[in-house]
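Engineer: For the record, the sequence lines run as chains P, X and B. Counting from 1, position 285 in the first sequence corresponds to residue 285 in my numbering; the numbering is continuous, with no gaps. Counting from 1, position 170 in the second sequence corresponds to residue 170 in my numbering; the numbering is continuous, with no gaps. Counting from 1, position 236 in the third sequence corresponds to residue 236 in my numbering; the numbering is continuous, with no gaps.
Keep in mind that a hint or two might mislead.
Simulated pairs of lysine-lysine, DSSO-like, Cα-Cα distance not exceeding 30 angstroms [stated by the list, open to error]:
(1) X:Lys-232 with B:Lys-61
(2) P:Lys-91 with B:Lys-236
(3) B:Lys-236 with X:Lys-232
(4) P:Lys-209 with X:Lys-272
(5) P:Lys-82 with B:Lys-61
(6) B:Lys-153 with P:Lys-91
(7) B:Lys-369 with P:Lys-82
Partner residues aside, some chain X positions facing chain P, computed with beta carbon under 10 angstroms [said to hold, decoys possible]:
(8) Gly-62
(9) Leu-63
(10) Pro-126
(11) Ala-263
Keep in mind the hints are simulated off the structure, nothing from the lab. This one's a predicted model, so the numbers in the text were calculated from it and none came from an experiment. The beta-carbon is built from N, C-alpha and C at its ideal position, and this holds for glycine as well.
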Amino acid sequence: MSTTTAAAAPLTKKTAKPPNPARVRRRRRLAQWGFIAPAVVFMALFFGYPLVRNIVMSFQDYSPSTFFTGESPFNGTDNWSKVFNDELFGKALWHTILFTIGSLIGQFCIGLGLAVFFTRRFPLNGVLRSLILLPWLVPMVVSGVVWRRILDQDTGVLNSFLGTLGLGGDTPWLTSTNMALISVILVNVWIGIPFNMVILYGGLQEVPKELYEAASLDGASAWRSFRSITLPMLRPVITVVLVLGFMSTVKILDLILALTDGGPADSTQTLGTLTYQNSFVQLDFGAGAVVGNILILISAVFAVFYLRANRNEGK
Amino acid sequence: MASTVRTPAAPTPTTGRPKRRWGAMLFGVLVLCVMLFPLYWMVNTALQPESGLLEVDPVPHGLDLSGFRSALTDQGGNLLTSLAVALGAVVICLAISAPAAYGLAQFKLRGTRTIVFGTLITQMVPGIVIANALYSAYVDLGLVNSYAGLMLADASLGIPFAIVLMRSFMVAIPREVIEAAEVDGAGRFRTFVRVVLPMSRNSLITAGLFSFLYAWSDFMFALTLNTTDDVKPITLGIYQYIGAHVGDWGSVMAASVLSAVPAAVLLVLSQKYIAAGITGGSVK
Amino acid sequence: MSNRFTPRVAVPLTVVSALIGGAVLSGCGQQRDPDVYTVLNSSTDESYHRWDAQTLARCGKRLGVTIEQQSVPAAQVMTKALRMASSKSLPDVLQLDASEMPTFAEAGGLIPLKDLGLTTKDIPEGIVDFGSYEGTYYGAARTVNTLALFYNKDTLDKAGLKVPTTWAEMRAAAKKLTHGRQYGLALSAGGAEDGVFQFTPFMWSNGGDETKLDSPEVAGALDYWKSLLKDGSLSKSTVNWTQADVNDQFMAGNAAMMINGPWQVETLNSKKGLDWGIAEIPVPEPGDDSVGPLGGGVLTVPNTGDEEREKMSAKIIGCMSGEQEQITYALNSWMVPANEKAAAEWRTKVPELDALADQVATARSRTAKLGARWSSVSLALQSAFQSALTGESSEAALTRAQKRATSGN
Numbered sequence: 001m002s003t004t005t006a007a008a009a010p011l012t013k014k015t016a017k018p019p020n021p022a023r024v025r026r027r028r029r030l031a032q033w034g035f036i037a038p039a040v041v042f043m044a045l046f047f048g049y050p051l052v053r054n055i056v057m058s059f060q061d062y063s064p065s066t067f068f069t070g071e072s073p074f075n076g077t078d079n080w081s082k083v084f085n086d087e088l089f090g091k092a093l094w095h096t097i098l099f100t101i102g103s104l105i106g107q108f109c110i111g112l113g114l115a116v117f118f119t120r121r122f123p124l125n126g127v128l129r130s131l132i133l134l135p136w137l138v139p140m141v142v143s144g145v146v147w148r149r150i151l152d153q154d155t156g157v158l159n160s161f162l163g164t165l166g167l168g169g170d171t172p173w174l175t176s177t178n179m180a181l182i183s184v185i186l187v188n189v190w191i192g193i194p195f196n197m198v199i200l201y202g203g204l205q206e207v208p209k210e211l212y213e214a215a216s217l218d219g220a221s222a223w224r225s226f227r228s229i230t231l232p233m234l235r236p237v238i239t240v241v242l243v244l245g246f247m248s249t250v251k252i253l254d255l256i257l258a259l260t261d262g263g264p265a266d267s268t269q270t271l272g273t274l275t276y277q278n279s280f281v282q283l284d285f286g287a288g289a290v291v292g293n294i295l296i297l298i299s300a301v302f303a304v305f306y307l308r309a310n311r312n313e314g315k
Numbered sequence: 001m002a003s004t005v006r007t008p009a010a011p012t013p014t015t016g017r018p019k020r021r022w023g024a025m026l027f028g029v030l031v032l033c034v035m036l037f038p039l040y041w042m043v044n045t046a047l048q049p050e051s052g053l054l055e056v057d058p059v060p061h062g063l064d065l066s067g068f069r070s071a072l073t074d075q076g077g078n079l080l081t082s083l084a085v086a087l088g089a090v091v092i093c094l095a096i097s098a099p100a101a102y103g104l105a106q107f108k109l110r111g112t113r114t115i116v117f118g119t120l121i122t123q124m125v126p127g128i129v130i131a132n133a134l135y136s137a138y139v140d141l142g143l144v145n146s147y148a149g150l151m152l153a154d155a156s157l158g159i160p161f162a163i164v165l166m167r168s169f170m171v172a173i174p175r176e177v178i179e180a181a182e183v184d185g186a187g188r189f190r191t192f193v194r195v196v197l198p199m200s201r202n203s204l205i206t207a208g209l210f211s212f213l214y215a216w217s218d219f220m221f222a223l224t225l226n227t228t229d230d231v232k233p234i235t236l237g238i239y240q241y242i243g244a245h246v247g248d249w250g251s252v253m254a255a256s257v258l259s260a261v262p263a264a265v266l267l268v269l270s271q272k273y274i275a276a277g278i279t280g281g282s283v284k
Numbered sequence: 001m002s003n004r005f006t007p008r009v010a011v012p013l014t015v016v017s018a019l020i021g022g023a024v025l026s027g028c029g030q031q032r033d034p035d036v037y038t039v040l041n042s043s044t045d046e047s048y049h050r051w052d053a054q055t056l057a058r059c060g061k062r063l064g065v066t067i068e069q070q071s072v073p074a075a076q077v078m079t080k081a082l083r084m085a086s087s088k089s090l091p092d093v094l095q096l097d098a099s100e101m102p103t104f105a106e107a108g109g110l111i112p113l114k115d116l117g118l119t120t121k122d123i124p125e126g127i128v129d130f131g132s133y134e135g136t137y138y139g140a141a142r143t144v145n146t147l148a149l150f151y152n153k154d155t156l157d158k159a160g161l162k163v164p165t166t167w168a169e170m171r172a173a174a175k176k177l178t179h180g181r182q183y184g185l186a187l188s189a190g191g192a193e194d195g196v197f198q199f200t201p202f203m204w205s206n207g208g209d210e211t212k213l214d215s216p217e218v219a220g221a222l223d224y225w226k227s228l229l230k231d232g233s234l235s236k237s238t239v240n241w242t243q244a245d246v247n248d249q250f251m252a253g254n255a256a257m258m259i260n261g262p263w264q265v266e267t268l269n270s271k272k273g274l275d276w277g278i279a280e281i282p283v284p285e286p287g288d289d290s291v292g293p294l295g296g297g298v299l300t301v302p303n304t305g306d307e308e309r310e311k312m313s314a315k316i317i318g319c320m321s322g323e324q325e326q327i328t329y330a331l332n333s334w335m336v337p338a339n340e341k342a343a344a345e346w347r348t349k350v351p352e353l354d355a356l357a358d359q360v361a362t363a364r365s366r367t368a369k370l371g372a373r374w375s376s377v378s379l380a381l382q383s384a385f386q387s388a389l390t391g392e393s394s395e396a397a398l399t400r401a402q403k404r405a406t407s408g409n
């Protein structure tokens with residue numbers, strides 16, 4: 001309790017007057033809100049305001065002239081019907097679902113596997129674990145160029161490597177409409193593994209060793225311990241990783257642009273790239289805002305479902 | 001895989017079995033090689049500045065550091081800018097997130113759940129949407145082309161994540177510890193600083209690290225919120241080598257490698273804290 | 001005082017307020033310095049930035065003003081300019097890609113250059129059209145570029161082939177030159193606008209038009225591309241290649257011929273031992289015109305509302321696109337000067353790019369017929385030829401594309 005009031009001369013908590021309980025409670029609550037208020041204000045400004053603006057924009061006719069005249073007349077649901085009638089929208093939606101689920105499963109499972117693996121003691125454990133985060137430091141522009149080279153059908157390292165292993169060696173990673181989405185998912189998994197691994201590893205460290213010892217004394221197998229001890233205890237961390245992972249994956253844009261630009265033939269077009277295309281290539285900002293809002297809606301639905309499903313678990 | 005020998009997620013007591021440990025290490029190295037191969041390729045290209053992008057040999061035939069030298073002279077200032085902005089963003093982020101995480105974790109205030117949900121919602125908003133809206137606001141506030149403006153914007157990249165992460169670990173701090181501190185005469189704030197923060201040191205460092213990485217690799221805000229070259233972090237700086245017509249990819253790679261160095265150093269240094277577990281085992 | 005302002009709250013609030021306050025105080029307002037003019041362009045890379053800086057220094061000295069340059073990545077110029085428009089902070093001179101200029105003009109953002117005193121004499125009509133929207137001249141080009149057929153002289157000589165001039169010849173030559181790691185021809189069918197840029201010479205030389213994508217002429221052009229792919233003379237990776245990738249392939253010896261533009265010459269020349277030649281893009285039948293796309297940037301004067309500044313901006317553009325400046329820029333960038341007299345002089349200095357100058361003479365602007373609608377048509381066309389190159393029939397892909405292009409807008 002800060003002693004900003006000049007009146008409170010004695011530094012002990014005991015004051016002469018008995019404090020009014022209601023006032024004390026209110027002051028206490030205000031002080032508690034003081035902890036949270038800056039964050040709430042910040043987020044309202046930096047996220048709430050753009051969100052509201054985006055929702056409004058999706059009902060407006062927002063075109064390049066708007067930037068000059070400031071006029072963006074309301075056009076009701078015109079933007080929305082235009083977007084839904086675009087055949088590209090259905091495709092993009094489907095790709096988004098595949099991309100997000102595929103990426104999450106890949107990133108999470110491999111991340112968890114690696115996290116478990118790294119809980120063992122072996123030489124260089126710490127060094128290897130810290131180096132795994134390095135892919136994160138590569139700018140997306142560079143990642144895109146590097147991966148495009150690696151995945152090139154004719155001259156890419158990946159195909160050469162697979163060729164020497166006798167596993168084919170001419171897979172059209174980025175050039176076939178069937179494979180392109182899979183390739184993009186794989187690259188995204190590569191990017192997401194470090195994040196998942198670090199967080200899950202931190203969570204694993206929290207599980208008390210005594211539980212495992214007790215379980216193995218009871219004769220539980222490794223898999224059984226994992227299922228009954230590790231997973232439940234990791235629940236809050238898993239929630240963080242999956243929910244945050246979902247939200248950042250579903251709107252991914254720069255990776256896809258760098259790798260395939262939505263192609264070939266729109267086979268890697270997602271809602272994220274579609275909103276970019278609408279807003280910044282076709283300069284139809286209203287339509288872009290619509291797709292953006294749909295993205296946000298999908299995230300919100302997922303968050304609600306997941307959190308509700310987890311509500312009863314220990315908090 | 002023989003599950004009988006594979007122990008559950010717990011460190012094996014070091015009673016012999018040295019072959020097992022070397023096997024694990026080799027596997028770890030293999031995993032790292034696969035994960036870092038694109039980076040290897042990046043460094044490899046940077047070490048061969050004279051070759052065209054496709055003619056890079058799989059293994060560098062010399063140690064041609066000229067690419068790195070020129071990248072350093074060109075981008076040195078930009079690296080410092082990135083460092084300043086990222087550090088500022090981390091400070092702002094932690095200053096705002098840590099108390100909020102604590103409040104949301106331990107205080108029984110009405111509306112906590114809504115705020116937590118709201119924090120999650122912020123992650124749903126695509127970056128472009130935010131950048132565009134911020135630009136007009138920044139113009140009105142005069143924050144364009146300023147370090148402060150960019151630090152605030154980059155802090156926003158880490159704040160929701162930091163709050164959610166730290167909260168999920170602060171929730172585990174037993175009430176008894178906090179109440180014990182308060183009984184001893186410490187106020188809310190002092191309890192927070194003297195007791196809660198040290199106990200959450202590892203989640204604090206994890207959040208700070210991720211916040212730093214997000215800010216360091218930000219391109220969107222740096223591009224949108226700057227109209228001059230006054231504030232030019234390295235993510236913008238590398239475009240010096242990529243023009244509308246040609247691209248000097250060797251220099252781009254060299255600059256990217258250079259830009260990875262400070263962050264990599266931070267990573268290795270902070271790994272010790274992340275390794276000790278997010279609450280450092282101080283929760284008995 | 002209430003406990004509301006505990007240090008925990010006070011500290012972040014004061015920090016933030018101080019930062020904002022400090023920024024506002026130190027940040028300059030929207031006042032424009034009467035002697036300082038700004039140019040926004042896409043010359044991010046070091047060489048182009050330097051050449052432009054030199055030009056601006058010379059022009060600044062001549063006109064008695066200081067000219068500042070700001071460069072952003074090419075893909076960002078449009079959005080940046082629009083944002084600047086909304087915050088009333090447009091630059092004095094804006095260099096746009098010619099295909100983006102109509103969008104800006106349509107929104108009322110540009111001042112017609114003739115109104116500001118710039119003339120178009122000595123500029124070929126095609127290039128005036130290139131910088132015009134609905135008949136009004138908005139953008140002055142310093143240099144223009146187009147596509148041509150580059151070939152590896154040694155490789156062709158060794159195979160005993162002469163440079164192809166028709167589609168049939170090119171198909172045969174490409175087939176003969178495909179062996180081992182080397183493909184006969186490399187072109188870009190990916191990389192967003194790059195691929196469309198590369199398709200236009202085939203589309204237009206065959207009589208096709210961007211307003212009618214489902215016509216037999218356009219399908220014919222697309223079928224030609226498919227035939228090259230089927231022969232194996234064109235790599236399947238083409239749907240993922242940008243023009244820069246194509247250049248890399250050619251330089252690495254993975255392709256004997258390539259379709260590309262003169263901006264690659266600087267990089268091409270850096271490769272020792274590569275003896276390259278340049279020719280017009282082959283045409284469907286002997287005697288047809290080889291109609292390629294006109295590319296390049298145009299200098300425009302945004303509508304800032306300040307007539308005096310706009311007049312001076314036009315003078316700056318006039319200086320930048322003066323004959324001598326054009327030749328200097330053209331020699332640096334390996335592109336063709338817009339001004340007729342400058343182009344004639346340039347031809348004498350760079351005889352090896354003769355074919356390119358000829359190609360420019362018959363070239364066409366992408367946005368001439370469609371104006372601001374070009375971007376939607378381009379997206380539809382991209383999707384169509386990529387779809388056709390990955391298996392679909394040309395007719396089906398193009399019919400769908402035409403529907404898509406005409407529905408949206």
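Engineer: So, against the hints stated earlier in the document, which numbers end up violated here?
Structural biologist: Per hint list: 3, 5, 6, 8, 9 violated.
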